[in-house]
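2 protein chains.
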Amino acid sequence: MTGKVYLVGAGPGAPDLLTVRAAEILSRADVVLHDALVHPETLALARKAQVYAVGKRSGRHSTAQKFISKRLIDSARRFDTVVRLKGGDPLLFGRAHEEIQALRRAGIEFEIVPGVTAASAAGAELGVSLTRRGVARSVAFVTPRSGVGERHNDWAASVLAADTAVIYMGAGLAEEIRAVLLDRGKGPHTPVVLVENASLPGRNVHRGTLADLPDLARRMGSGPAVLLIGEALETSIAEPAVEALLRRA
Amino acid sequence: MTGKVYLVGAGPGAPDLLTVRAAEILSRADVVLHDALVHPETLALARKAQVYAVGKRSGRHSTAQKFISKRLIDSARRFDTVVRLKGGDPLLFGRAHEEIQALRRAGIEFEIVPGVTAASAAGAELGVSLTRRGVARSVAFVTPRSGVGERHNDWAASVLAADTAVIYMGAGLAEEIRAVLLDRGKGPHTPVVLVENASLPGRNVHRGTLADLPDLARRMGSGPAVLLIGEALETSIAEPAVEALLRRA
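Those sequence lines, one after another, are chains X and W. Its first residue numbered 279, the first sequence is counted upward by one per residue in this note's numbering. Its first residue numbered 279, the second sequence is counted upward by one per residue in this note's numbering.
In isolation and in its complexed conformation, chain X is listed as follows (with noise of 0.2 Å):
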């Protein structure tokens, strides 16, 4: 008898925007590994388990992969319910395939409990819709990082074909996601809002435009960021009343 494995969304960053179903999860689980940047309240959720940080750190990332799948195996071999806690949706740049690949080939039971990705809870807090009707119809979610070491460009012909596009894990590329875009003929006056820490206290929004990219990342934290690109994001640098709301955060 082995239990079974549950790859949970923790949502964007504010510990509300977790799932009612993946709240309850977390209340009857025995052992939670989770991320490095999951809500200090959503893992205090996990009352009963013993809880564990498996943040990875860049460039050791398939070493610790390994890691983190033989533990979630190991774990759901001796415990009921395993939770791997990670944050945003864990199919959106979760690195969620290893982890189900590793569960499929140990006959591990698993379940995916989806989550609120950071691009909706960025456009939420811009208060701008990421399409709009007759005018952006395709939204794509890229990232311009890989593998350790490995940088393909073919991120950026996603982006140039959708109406709206959303980079993530992208703020410390800033001068090479300019550099592309402009150089396949992205406009470079095309709208683009960084937003650094969507949804929780200590967020930031740096609104500009393509030719401005390296000087909005310049000004950010280090917190987890979203960069959105396109002509809907127009809205939130025209608009007196976005500019009242922006103020607020």
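A portion of the hints provided could be inaccurate.
[As the list claims (entries may be wrong)] Ranges between beta-carbon positions, derived for each pair: (1) Gly499/X <-> Ser500/W: 43 to 51 Å; (2) Gly412/X <-> Gly480/W: 30 to 38 Å; (3) Glu454/X <-> Lys344/W: 43 to 51 Å; (4) Gly385/X <-> Pro318/W: 43 to 51 Å; (5) Arg462/W <-> Arg462/X: 13 to 21 Å.
[To be verified] To give a feel for the contact side, a few chain W residues facing chain X, derived at Cβ under 8 Å: (6) Glu302; (7) Leu315; (8) Arg373; (9) His375; (10) Thr409; (11) Trp433; (12) Ser436.
[As the list claims (entries may be wrong)] From chain W, some residues computed to sit far from chain X (all C-beta separations above 12 Å): (13) Lys326; (14) Gly333; (15) Leu370; (16) Met447.
These aren't lab readings, by the way, just hints derived from the structure by calculation. Glycine residues also receive a C-beta, built at the ideal position from the N, C-alpha and C atoms.
Knowing the structure of chain X, use the given hints to seat chain W on it.
Relative to the frame of chain X, chain W by itself:
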């Protein structure tokens, strides 16, 4: 003194995939205006509210949209807490833009509460990550539908450029989607999965290739569906463990 309007994501269908924040706001709402597909258990959380369905019928969008915006504004002038409850995430194909604009113009305070979008729930149902390190680093969410009578093909560019694509509100356009994507060079053997009623007891999963898409669509019921396209979906076809999981569904 006017009240505040909350544009709230009800999540993909299952009532426990609502966020804790959304549940809290519903519990103190005075008025709720909701889309057709929100779960009765979710509506029941609005214990003290007047609850109205404002689901739009296809082809009568623009009139209905103005009417909804007007009701939101009128309600905010009479009540403290007004909730506009939308399926999924309000900012992804939720037509939030028109309502946000109307609220801004009327000077009504509003807040957006993000939700879990259908694509995340569909991926969770399939046990397949929409991104995969080194293989799928871009995901596009698109809709081939637009305004009344209006249908463009630029949605296809975004599908073609992304590693994984999720098409919203496209199940009724299977013939057109196949024709356009094949014509523009997408391989006929590209894996596709139609997920109907993701996260609900009546869920249905139909898997095949782009070439089969119209056949898959004909086997569907009338529930809301998303269409997932891309090599990352291959796992959901090939692996016996997933087959077993899906048979349970």
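Each hint, compared with the structure:
1. About 48 Å separates the C-beta atoms of Gly499/X and Ser500/W, a value consistent with the hinted range of 43 to 51 Å.
2. Distance hint check for Gly412/X and Gly480/W: the Cβ-Cβ separation is about 32 Å, which falls inside the suggested range of 30 to 38 Å.
3. At about 44 Å, the beta-carbon gap between Glu454/X and Lys344/W stays in the expected band of 43 to 51 Å.
4. Take Gly385/X and Pro318/W: their Cβ atoms lie about 38 Å apart, and the range 43 to 51 Å is violated.
5. The supplied range of 13 to 21 Å is met by Arg462/W and Arg462/X, whose beta-carbon atoms lie about 19 Å from each other.
6. The beta carbon of Glu302/W comes within 7 Å of a beta carbon in chain X, closer than 8 Å, and the hint placing it at the interface holds.
7. Because the beta carbon of Leu315/W sits about 17 Å from the nearest beta carbon in chain X, more than 8 Å, this interface hint is broken.
8. The criterion of a C-beta within 8 Å of any C-beta in chain X is met by Arg373/W, whose closest approach is roughly 6 Å, and the hint holds.
9. Residue-level restraint check for His375/W holds (minimum Cβ-Cβ distance to chain X is 4 Å; threshold 8 Å).
10. Hint status for Thr409/W relative to chain X: holds, with the closest Cβ pair at about 5 Å, below 8 Å.
11. The interface hint given for Trp433/W holds, since its Cβ lies 6 Å from the closest Cβ of chain X, which is under the 8 Å cut-off.
12. Satisfaction of the interface hint for Ser436/W is found here, the shortest Cβ-Cβ separation to chain X being roughly 4 Å, below the 8 Å cut-off.
13. The non-interface label for Lys326/W is consistent with chain X: the shortest C-beta to C-beta separation is roughly 19 Å, beyond 12 Å.
14. Here Gly333/W stays apart from chain X, with its beta-carbon at least about 16 Å from theirs, past the 12 Å limit.
15. Separation of Leu370/W from chain X is inadequate, the least Cβ-Cβ distance of about 6 Å not exceeding the 12 Å criterion.
16. Separation of Met447/W from chain X is inadequate, the least Cβ-Cβ distance of about 10 Å not exceeding the 12 Å criterion.
Checked against the numbered hints given earlier, this structure breaks hints 4, 7, 15 and 16; the rest are met.
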